[in-house]
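Visitor: So the chains spell out like this:
Number of protein chains: 2
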Amino acid sequence: MTSSLIAEKLEQAHQILGELGLDAWMVFVRESSHGGDPALSYIYDGAFTWQSALIVTRAGDRIAIVGKFDDGAVRATGVWTEVISYVQSIHGPLVETLRRIDPQTLALDFSVDDYAADGLTHGMYLLLLKYLEGTPYAERLVSAVGVVGALRGRKSPNELARIEKAIETAQTIFDEVGRFAAPGKTEREVARFMQDAAARRGVGLAWSQPCPIVNTGPHSMIGHGVPSDLQIEPGHILHIDFGVQQEGYCSDLQRCWYVPRPGEHAPPESAARAFEAVVQGISVAADRLKPGVEGWQVDQAARKIITAAGYPEYGHALGHHVGCTAHDGGGILGPRWERYGNTPFRKAEPGNVFTLEPSIEDAGGCGCLGIEEMVVVTDAGCRWLSDRQMTLPCLGTSKSLDNRLQN
Amino acid sequence: MTSSLIAEKLEQAHQILGELGLDAWMVFVRESSHGGDPALSYIYDGAFTWQSALIVTRAGDRIAIVGKFDDGAVRATGVWTEVISYVQSIHGPLVETLRRIDPQTLALDFSVDDYAADGLTHGMYLLLLKYLEGTPYAERLVSAVGVVGALRGRKSPNELARIEKAIETAQTIFDEVGRFAAPGKTEREVARFMQDAAARRGVGLAWSQPCPIVNTGPHSMIGHGVPSDLQIEPGHILHIDFGVQQEGYCSDLQRCWYVPRPGEHAPPESAARAFEAVVQGISVAADRLKPGVEGWQVDQAARKIITAAGYPEYGHALGHHVGCTAHDGGGILGPRWERYGNTPFRKAEPGNVFTLEPSIEDAGGCGCLGIEEMVVVTDAGCRWLSDRQMTLPCLGTSKSLDNRLQN
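Order-wise, the sequence lines are chains G and L. Read in order, the letters of the first sequence correspond to residues 1 to 407 in my numbering. Read in order, the letters of the second sequence correspond to residues 1 to 407 in my numbering.
Think of the hints as simulated: they come from the structure by calculation, not from any bench. Worth double-checking, as some hints may not be accurate.
Same chains, same label: a pair holds when it works inside one copy or across any pair of copies.
To be verified - The calculated lysine-lysine pairs, modelled on DSS-like cross-linking and capped at a C-alpha distance of 27 angstroms, are:
| id | residue 1 | residue 2 |
| --- | --- | --- |
| 1 | Lys-290 | Lys-165 |
| 2 | Lys-304 | Lys-290 |
| 3 | Lys-185 | Lys-290 |
| 4 | Lys-165 | Lys-68 |
| 5 | Lys-347 | Lys-304 |
| 6 | Lys-347 | Lys-290 |
| 7 | Lys-304 | Lys-68 |
| 8 | Lys-165 | Lys-304 |
| 9 | Lys-130 | Lys-68 |
| 10 | Lys-290 | Lys-68 |
| 11 | Lys-130 | Lys-290 |
| 12 | Lys-347 | Lys-185 |
| 13 | Lys-165 | Lys-130 |
| 14 | Lys-130 | Lys-347 |
| 15 | Lys-130 | Lys-185 |
| 16 | Lys-304 | Lys-130 |
| 17 | Lys-185 | Lys-165 |
| 18 | Lys-304 | Lys-185 |
All values reported here derive from a predicted model rather than from experimental measurement.
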């Protein structure tokens, strides 16, 4: 993250601590390029080798306690009010600092439910308990899930502009692949084409392999599977899930095409019906999504559309936050299933960017029909960030996805 | 990591569990592209979105319990004896699997001391405890630090060959920068030159920014600081810490040059003396490094050379493992300081690849003198992987580092 965004986020963190009534938030890491805490990049553009503690307080302090060899880089950022360095152990300076600021609550990055707020490793937690022996602070540790969730979730205008760029790029590549893809081409060739298109533009992919996910026809491996040597054939739905990471922010979209059989000029009823259900699911969800709504309510609205149309419910959430990563943690627009923990109960806030992505795994024997759009929550409701796909084009007969006309 | 290396590592994991008398090792992750467990890449080439458990047992089972959308990709690897998928929650399948294999010890990736064996987040640990309620397994959890340390540390011939390639590439770039660097050039320009040289070869940098670390003269920011606009000047030592990541494996080396003043044809006594002490420290450490020695003993041997020569002791460890990452976790060749925990007490094993990198921060007012070589531990002792730097060349008067003649 660039330094101007970090300054924004540090200011935001301070404000969120006030809202949540928390005295201090501490990011406690080591060898952070080696896995690391996903919240770190919101407040520091770099990595730490030795054990390091970055503390933001409700009172306005920003204290970094870092190894001697990192302190120059931290000071150079200019955003930390105090930089303390050590050689042999962080133990002493850490405890002294805590005694000085004496927080009644010390929020740490752990969460049973929210992976993006769960960057503290178990070993580092145990180490911290050891350091805090003989102090009152081990009793004051709380989860920073609310801090990190709000910090990641509330997009500033700068962040939103970057996400919109990443969406625009992905949409352009979707247009290109709609012209490239044709019967006889394999899933793998289509995937490679899109990866090359991203690389040519100097942007990254929005998630680690496989990105894009490409599914053609009913025998493709649905989900997070690897694009295969299956060929695109007449009668297939070609379904692609793709996004890019550009200037640190991501897009995440799904688009579908129908591959006409000889003599066909439109998708068959079975594919068209599935498409309509998915599009309607997205519309209904967008209507429901506004500040204060809980994620499961939005999911349920779309899920009902799909099942009322006679399809099985989709085996995933309707949507998720998008930000620096495609799956950006925080609350989810998902069902109240055990694996989602309490994330479906989080309330949407203005500035949140979500995907809306219902799907039908078997659209009348043609393959998977999934569309994924992106929206931002506003005070009034939500606003489309992506150009919605409102028709199911026939591959080869349409120059691009007919998706720019509807907004 | 490529599939052939993963097959080797899974076999090795099985063997290590036998040696350590552990029944099972479980990697428990979610959204693993989002931070993730650094041990995962040794057994799976990809990322998991939903909660996933990869279990290797002493009896030879390799069981993957993964979300429905990941199971195709896991099956496609062909190395898992059982792939179980779920939709709503991993809870049931996980507990059933554990009851079936009934391990007396279940090793998890957490460690107070070893970051590379500490990939389990605290939230995931708490979640696991919740899932294990009503079973005997919560009582049987142990640290997998020994498993992960041996797995990362014992390099196969394939891994060693990759490390040697990464060293060769870094050394070539060091030769090039020795011709590029000159008085008037800035640290930042030198760093950019090396980054471009790596990019041109299609290899990555061995660590996240700043790589390389470039220090010229006595006023440079020593350590993990950002290369600055300081210019190379006569009378400086130019010190560079650099490595590349090539085919998934890293090199990590430091080289130094002296920048002669008008009329000088050799480094002054003060720089030459520091250089000799550092080189001798490396030699003595290499003599001491053999299977069974504890890391602190190797560090102490080199540390004594430096202090006996009248310099302050270096504020870091003598050396660390190198593998898929530059700082590869496991035991360290370091002093018994609190921040290193018990890692200086680990015994060296054949196949371990270490750096040897004593340094003198102030070499008689000329700047930082640090040399870093790489060795592999063998049955008999250790073998040089890098071409040692045995002379301190004058920048501009020598075509390359005179470092290929001594081995």
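Visitor: Next, verify each hint and record whether it holds.
Guide: Tested hints:
{"no.": "1", "hint": "Lys-290 to Lys-165", "in the structure": "within (23 angstroms within a copy, 55 angstroms between copies)"}
{"no.": "2", "hint": "Lys-304 to Lys-290", "in the structure": "within (19 angstroms within a copy, 66 angstroms between copies)"}
{"no.": "3", "hint": "Lys-185 to Lys-290", "in the structure": "neither (42 angstroms within a copy, 55 angstroms between copies)"}
{"no.": "4", "hint": "Lys-165 to Lys-68", "in the structure": "neither (39 angstroms within a copy, 32 angstroms between copies)"}
{"no.": "5", "hint": "Lys-347 to Lys-304", "in the structure": "within (20 angstroms within a copy, 60 angstroms between copies)"}
{"no.": "6", "hint": "Lys-347 to Lys-290", "in the structure": "within (9 angstroms within a copy, 59 angstroms between copies)"}
{"no.": "7", "hint": "Lys-304 to Lys-68", "in the structure": "between (57 angstroms within a copy, 22 angstroms between copies)"}
{"no.": "8", "hint": "Lys-165 to Lys-304", "in the structure": "neither (33 angstroms within a copy, 57 angstroms between copies)"}
{"no.": "9", "hint": "Lys-130 to Lys-68", "in the structure": "within (22 angstroms within a copy, 40 angstroms between copies)"}
{"no.": "10", "hint": "Lys-290 to Lys-68", "in the structure": "neither (47 angstroms within a copy, 30 angstroms between copies)"}
{"no.": "11", "hint": "Lys-130 to Lys-290", "in the structure": "neither (44 angstroms within a copy, 33 angstroms between copies)"}
{"no.": "12", "hint": "Lys-347 to Lys-185", "in the structure": "neither (44 angstroms within a copy, 54 angstroms between copies)"}
{"no.": "13", "hint": "Lys-165 to Lys-130", "in the structure": "neither (46 angstroms within a copy, 41 angstroms between copies)"}
{"no.": "14", "hint": "Lys-130 to Lys-347", "in the structure": "between (36 angstroms within a copy, 25 angstroms between copies)"}
{"no.": "15", "hint": "Lys-130 to Lys-185", "in the structure": "neither (58 angstroms within a copy, 47 angstroms between copies)"}
{"no.": "16", "hint": "Lys-304 to Lys-130", "in the structure": "neither (50 angstroms within a copy, 31 angstroms between copies)"}
{"no.": "17", "hint": "Lys-185 to Lys-165", "in the structure": "neither (29 angstroms within a copy, 36 angstroms between copies)"}
{"no.": "18", "hint": "Lys-304 to Lys-185", "in the structure": "neither (36 angstroms within a copy, 66 angstroms between copies)"}
Hint check: violations occur at hints 3, 4, 8, 10, 11, 12, 13, 15, 16, 17 and 18; the rest are consistent with the structure.
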